[in-house]
Each structure stands twice: as structure tokens, then as C-alpha cells.
Amino acid sequence: MARMKFLCDADRCIECNACVTACKNEHEVPWGINRRRVVTINDGLPGERSVSMACMHCTDAPCAAVCPVNCFYTTDDAVVLHNKDTCIGCGYCFFACPFGAPQYPQVGNFGTRGKMDKCTYCSGGPEADMSQAEYVKYGANRLAEGKLPICAEMCSTKALLAGDGDIIAEIYRERVVTRGYGSGAWGWRTAYGDTVTV
Amino acid sequence: MLKTLISRLPMLVLLASLTTLAAPAAQAQVNPTASSVQEQELMRALQTGDFVAGRVSIPDERAGALIKPGNKGWAGIQGTTLRVISVAAVLVTLTILAAFYAYRGRIRIDSGFSGRVIERFDGIERFGHWLLACSFVVLALTGLNFVVGRWTLLPLVGEDTFGTLSAWFKLAHNFMAWPFMLGLVWVFVTWVGRNLPSKVDVNWLKVAGGLFTRGLHPPAGKFNAGQKLLFWMVILGGVGLSYTGVFMLFPWLAGSPAEWQTYQVIHALFAAFMSVVIFGHIYIGSLGMQGAFSAMGSGKVDLNWAKEHHSLWVEEEVGHGKGAAGKPGAAATPAE
Ligand code: HEM
Ligand code: SF4
Ligand code: SF4
Numbered sequence: 001m002a003r004m005k006f007l008c009d010a011d012r013c014i015e016c017n018a019c020v021t022a023c024k025n026e027h028e029v030p031w032g033i034n035r036r037r038v039v040t041i042n043d044g045l046p047g048e049r050s051v052s053m054a055c056m057h058c059t060d061a062p063c064a065a066v067c068p069v070n071c072f073y074t075t076d077d078a079v080v081l082h083n084k085d086t087c088i089g090c091g092y093c094f095f096a097c098p099f100g101a102p103q104y105p106q107v108g109n110f111g112t113r114g115k116m117d118k119c120t121y122c123s124g125g126p127e128a129d130m131s132q133a134e135y136v137k138y139g140a141n142r143l144a145e146g147k148l149p150i151c152a153e154m155c156s157t158k159a160l161l162a163g164d165g166d167i168i169a170e171i172y173r174e175r176v177v178t179r180g181y182g183s184g185a186w187g188w189r190t191a192y193g194d195t196v197t198v
Numbered sequence: 001m002l003k004t005l006i007s008r009l010p011m012l013v014l015l016a017s018l019t020t021l022a023a024p025a026a027q028a029q030v031n032p033t034a035s036s037v038q039e040q041e042l043m044r045a046l047q048t049g050d051f052v053a054g055r056v057s058i059p060d061e062r063a064g065a066l067i068k069p070g071n072k073g074w075a076g077i078q079g080t081t082l083r084v085i086s087v088a089a090v091l092v093t094l095t096i097l098a099a100f101y102a103y104r105g106r107i108r109i110d111s112g113f114s115g116r117v118i119e120r121f122d123g124i125e126r127f128g129h130w131l132l133a134c135s136f137v138v139l140a141l142t143g144l145n146f147v148v149g150r151w152t153l154l155p156l157v158g159e160d161t162f163g164t165l166s167a168w169f170k171l172a173h174n175f176m177a178w179p180f181m182l183g184l185v186w187v188f189v190t191w192v193g194r195n196l197p198s199k200v201d202v203n204w205l206k207v208a209g210g211l212f213t214r215g216l217h218p219p220a221g222k223f224n225a226g227q228k229l230l231f232w233m234v235i236l237g238g239v240g241l242s243y244t245g246v247f248m249l250f251p252w253l254a255g256s257p258a259e260w261q262t263y264q265v266i267h268a269l270f271a272a273f274m275s276v277v278i279f280g281h282i283y284i285g286s287l288g289m290q291g292a293f294s295a296m297g298s299g300k301v302d303l304n305w306a307k308e309h310h311s312l313w314v315e316e317e318v319g320h321g322k323g324a325a326g327k328p329g330a331a332a333t334p335a336e
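Line by line, the protein sequences give chains W and L.
Letter by letter, the first sequence follows residues 1 to 198 in the UniProt record's numbering.
Letter by letter, the second sequence follows residues 1 to 336 in the UniProt record's numbering.
No wet-lab data here; the hints were simulated from the structure.
Where hints are given, some of them may not hold.
To be verified - To give an idea of the chain W side of the interface with chain L (calculated C-beta under 10 Å), a few residues: (1) Gly47; (2) Glu48; (3) Cys71; (4) Ala78; (5) Ala144; (6) Lys147.
Stated by the list, open to error - Some residues of chain L that are not near chain W, with every Cβ distance over 10 Å (derived): (7) Leu230; (8) Met296; (9) Ser311.
Glycine included, each C-beta is placed from N, C-alpha and C at the ideal position.
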């Protein structure tokens, strides 16, 4: 079993937003929800960088710590998933998440948000793998099909990496050494407690 | 916060480029892309509560917040600290009450029932009390479920049922908030005049109301000092809960997420505090003291009970001629 992670090499990301679109399409994500988004830091200035961000599938996930109904669980691949049948849409996980991953179908108040939705690392939910019920609630389960998340798989510049943490860290490290610069493994320190040292 | 950070970014870029410039001159072939913004630099420059942010092309501007490390701090407080405090508050209070009951037993009317009653609370007063009390109990129990349900109720009923129940509890918590606030205002208006501090309160407090001494009944008006304290704690606690609760109910009224988090922490602390206070209140109003419950039940209390616990108030009422109603004969003729 692997320890799945995402790593966005911001020095390669061209802010094409294809990952955002592919994700929405792959999982039929409802209107208003973006499981993945691209944030541009220092937009329009020299040295600007774009980072594609979704749920980082944290170690000791803060969302799981605050959920009043304990509906989060971590898979053998260290992917953080949740059970929409149990979720009461309280919104606590949004306030706990450092990456703004949890989102709700309605931008309503405490009572009216609906079931939380977030990136599943393309691995569905608690329903039977690749079942229709799973697809409707969580989207495709590519991991069960032996594939990696669609966002990283189709990234044209291979900026967005998905896979075992050690392997993608090694790829990133090699890149930084070869080209001589790197703006860092965005979010790693916050999500996993350590970063990629070059 | 977002704006400050964005405005600070050019500075950071400048810093970053200066460091690159300071690199050995041998690296003459400067790579322009190397002088980029660095995650590490941004994270280091963050002040508490700030976050790393940029621009997004999707309509939701808030999605521009990229990394908010501060959220983990709140998650720790909510996920651990508040839970421990809430559970400890409930358990410690129950233990203290049980110990008090073992030590003092039920506080009885020393001179026995007189058989004559006196009106203590009219319909308006009792309606306000029960409006406040019923809504509070629902709020407290459903609120407590948010805190400890996943360790108590969940293992008992299973995840499916627990999810359904919790969703209903959440609705109950949202909607009971309004009757609670109405009850709070009601109780404040009807009773504030009777709850202003007075000289007799000092003496009452000095002897702890005779709670620990059999047969000791310091003089008191309609409300004794202990009840006045309860009144003000409920008003302050209730206002605190309502104020923070409304922001939790309408998150975007609260302003930034950090402000919402602050309100949530205050809400949970006030809830724990209020539960402690109300546990004590419920105990003394029912099991703990003979003859007390009917004051809020039928609205009438036994005259002897009233004389022992609220002597000055009885004098006042009897003086007004409102005095002991009921069956005068019952007291005049001994039962035998
Ligand atoms: C006075 C009685 C009340 C008690 C005992 C109480 C108790 C609680 C507790 C224990 C929580 C969970 C806090 C946590 O997660 O750690 C909570 C949450 C909440 N309360 Fe209250 N509360 C009361 C009144 C109110 C009022 C008056 C309002 C609104 C006006 C309100 C609105 C909320 C909201 C929106 C939440 C968030 C739900 C959640 O915890 O997930 N509460 N309350
Ligand atoms: S990124 Fe957010 S939603 Fe994902 S595991 Fe971490 S805290 Fe939970
Ligand atoms: S919104 Fe759902 S998943 Fe998030 S903390 Fe609340 S109940 Fe848990």
C-alpha cells in the first residue's frame, strides 16, 4: 500500500485549469463546487506562480478531528474520504481544513448547506467500488480501476503529480536539482508536517 | 487579511530576488524563472491567522486562499480541548451534586407542610421560565451531541442511525435557538427588578444560604442571593450563547473564518459553563429541596416553605393582603 499524495510543481504549472475541468467532468461535480482549483500567487508580477490545489489528504486530517459525526475515514492508501450519508453539513470541516477543500452544494447557513463534497483522490466513497451509488455521490473510483487521479494524469506539463509520496517527492527533487530552482512542495509542510528537501 | 498579504507579496518577491542576486557571481547565467515566489518564504512571513493567498479565475473569490495553516490550530482546540472541557464539566458537576446529595440529603421543610399555600409565580412568569428551560435543555443536549456524540451515541446506535439523528438534532439546535432567545428576553423583563443586589444578600452569602447547615434560614426576599447569581449567570451566559450562536448560524455574518472560529470556541465554553450552572439549578429545584418544584409547577408554594426560604418576601406579600390563600381551616385544625 502506498501513501498517496499530491504535489504541484508550481514552476511548471501554466494555469491552464485543465485539471479543474477534468475533475468536474470525471465526477460530474455539482455546480458551484470545485474539488480542485488553481491559485495564482503574485499574479501579473515577475516570479508569479500558479498552484493547483485540492484536498491534500492530510496526515492526522484536521477535518476528521472536528467532524461531530465522525464521518471521515482514511483508506489503506492514506486517502481521506468521508461518508455523505452520515454528514450533517455542519461546515466544521471547512473551518478546520487548511486548504479550503470541503465545500457544500448550497452557500447557505448552518442548517442548509447540504452534504459536504471534496476531492476523493479519485477513489469514491464507502459504497461498493465502482458502483452506481458510489458514482452518484462521490464520482468515479479510478484508484479501484488501477488508475491515478485524472487531474494529475492529464496535466499537460506534468506539473501536478499524484502517486506514492516518496516517488513523487523523488521526481520533484530530481527536477529541482536538474533545473536549479523550485518554489517548493506547496502545502506539504502544512498537510504532512514535512516538505521535500532538495 | 487577504489584501494585506497580497500587498506584501511584492516585497517578498524582492527579498527572494535579492537572495538570488547574492548568489556567487560564477552563476552568471541567471535563470529568470528562478526568482519566483517561494512557498517557504511565504509561510515564514505569515502572521498568526494570515494565509497564503492569490487569485483564482473561478467566481468564488474565497477560493483564492491557498494555505491557511491557522485552521489546524482551531481544529486542535475544537477536536480535543473543547471536548475534554465539555466532558469534564458535565462529569465533575454530576459528581459534586451526587456528593452533596450524599452529604446533605434532600433539604426538607423544617417545620413541615402547613397545608396552606401562597402564590409564588403567576402564569406569565412560569411561561417564560419553561420556554427558556425547555429550549435550553433541547439546545444543551443536541449541542452536547456535537461534542461527544461520536464517542457515546455513535457506538450505541451505529453510523446510519447516528447520522440521521444528528441531522435532526442539528435542526432542533438551529430552531430552538429562537424560542430560547425569546425566553431569555421574557425572563429578563419579568424578573430583573427582583434580582438587583440588596443588603440581605451579603448575609445570605456569608452563611452560604444555610445550604450546608440544617435548620439555618437566612432572611431573603423573593429571590435569595444564590438565585440572583443564577439569574445573572443565565442572562450573561444566554446572551453570550445567543450572540455567538447567531454568527455560527450565519457564518458569513461573522466576517472572516478566524472570527467564526473564535465565536465557536466562546460558544462551546459558554455552553459548558451554562450546563454546569443549570445542572445545579435543576437539582435544587427538584430532587434537592422538598416543596420547591411546585413554585414553577402549580405556581404555589407551601407557606412554611416560603417562610423558611423567602421570609422577607412572605412578609411583603402578606402585608399586601395577597397572602396565604387556600384552605385556612386545614392549618387551624390539626390533622389528628
Ligand atoms: C443556551 C443553550 C445552548 C447550549 C447549551 C448550546 C450548546 C451548544 C454546543 C455544546 C454546541 C457544540 C459546540 C462545539 O461544537 O463544541 C453548539 C453548537 C452550536 N450552537 Fe449552541 N447552544 C445553546 C444555544 C444556542 C443558541 C441560542 C444558538 C443560536 C442563536 C446556538 C447556535 C449554535 C450553532 C449554530 C452551533 C453550531 C453547531 C455545531 O456545533 O456544529 N446555540 N451549541
Ligand atoms: S486537505 Fe482538508 S479536507 Fe483534505 S484531509 Fe486535509 S483537512 Fe481534510
Ligand atoms: S460538514 Fe459533514 S463532514 Fe464536515 S464536519 Fe460537518 S458532518 Fe463532518
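We went through each hint and held it up to the structure:
Interface hint status for Gly47/W: upheld, as the beta-carbon distance to the closest one in chain L is roughly 4 Å, under 10 Å. A least Cβ separation of about 7 Å between Glu48/W and chain L falls short of the 10 Å threshold, and the interface hint therefore holds. The closest approach between the C-beta of Cys71/W and any C-beta of chain L is roughly 7 Å, which is under the 10 Å cut-off, so the hint is satisfied. The interface hint given for Ala78/W is broken, as the beta carbon of that residue sits about 18 Å from the closest beta carbon of chain L, more than 10 Å.
A least Cβ separation of about 22 Å between Ala144/W and chain L goes past the 10 Å threshold, and the interface hint is therefore violated. Residue-level restraint check for Lys147/W is violated (minimum Cβ-Cβ distance to chain L is 26 Å; threshold 10 Å). Interface exclusion of Leu230/L from chain W stands, the closest Cβ pair being 29 Å apart, more than 10 Å. With a least CB separation of 31 Å from chain W, Met296/L remains clear of the 10 Å interface cut-off, as annotated.
With a minimum CB-CB distance of about 48 Å to chain W, Ser311/L clears the 10 Å threshold, and the non-interface call stands.
Going through the hint list in order, the structure does not satisfy hints 4, 5, 6.
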